[in-house]
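Enquirer: Sequence:
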Amino acid sequence: MHDDDIKSLMPKLDMTRRGFVSAAVLATGYAMAVSPAAADAIVTDTKGLKAGAVMIPSGADSIPAYAAMPEGKGPFPTILVVQEIFGVHEYIRDVCRRLAKLGYLAVAPELYVRQGDPSKITDIPTILSNIVTKVADEQVMADLDATAVWAAKNKGDPKRLGITGFCWGGRIVWLYAAHNPKLKAGVAWYGRLAGDSTVMTPDHPLSLAAKLKAPVLGLYGGADQGIPFETVEKMREAVKAGKMPVEIVVYPDAPHAFHADYRPSYREGPAKDGWARLVKWLKGNSL
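Those letters in the sequence shown? Residues -33 to -1, 1 to 254, by mature numbering (1 follows the signal peptide of the UniProt record, and there is no 0).
No lab work stands behind these hints: they were computed from the structure.
Given the structure is predicted, the values throughout are model-derived calculations rather than measurements.
Treat the hints loosely; a few may be bogus.
Straight-line distance between alpha carbons at most 16 Å, and here's what the computed EDC-like set of lysine to aspartate or glutamate pairs gives [stated by the list, open to error]: (1) 101 x 124; (2) 68 x 12; (3) 149 x 170; (4) 180 x 214; (5) 101 x 163; (6) 40 x 124; (7) 239 x 61.
Cβ pair distances, simulated, as ranges [what the hints assert, rightly or not]: (8) 27 x 101: 14 to 20 Å; (9) 148 x 24: 19 to 25 Å; (10) 161 x 103: 15 to 21 Å.
Heads up, the beta-carbon is just placed ideally off N, CA and C, and yes, glycines get one too.
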């Protein structure tokens, strides 16, 4: 990626030391907790794209993000890409490039930046205890709203806004679909649907099922050890009380993170089928 391409995406930077440290979160590779990545992990090039790290104003802060879009004037339909627990590492950046190849402005904000850098932690339990449990849903919703505003000022079409997310980010997709009335559609990949109500996470998708403001496609694995199948079935029933179209697809033999092509959990069949459904869902909802 040429420097000019990155600069063309970048608003006024936070030039403090914190700003430089934050931008470094997006610097290289895969998160340490999931390294080394599979040798055949999907790699999407930047030919025909503008892609790179940006800083997004959000409240009193500036948060780092990765953005990718087609070359050209736009405006482009915008997809917010929500990270797994590992942050905006190479897999999430590649998803942004895949979406940009389809004609979208795809942007993935680093939603843990105030709490820490998960990419440098070597084990999942520590990421969960030291970072994830300290991230408030309210903060996440505000950062996603700020990202949508940034996108609208940087060749994104504010009338065509979508969201997709994986694992931790899959849960956030459901929450954001209940939060933002301007959202056109969401695609949630194996996001947790139920849990304890806490100060940080007062609501969960099941409790918000009837309040969705946008259509959501949910993609789940029948062999997911972390998401009880009974909660998926409860979600199927709960969304019937709402007004928005919802489709939930379960791949019977797929484990959690079946789309994560850099991990042993990857399952090519469900991953490709899920991606095809994502594309159809977005297009079918004016994105």
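Enquirer: Which numbered hints are broken by the structure, listed smallest first?
Expert: 1, 3
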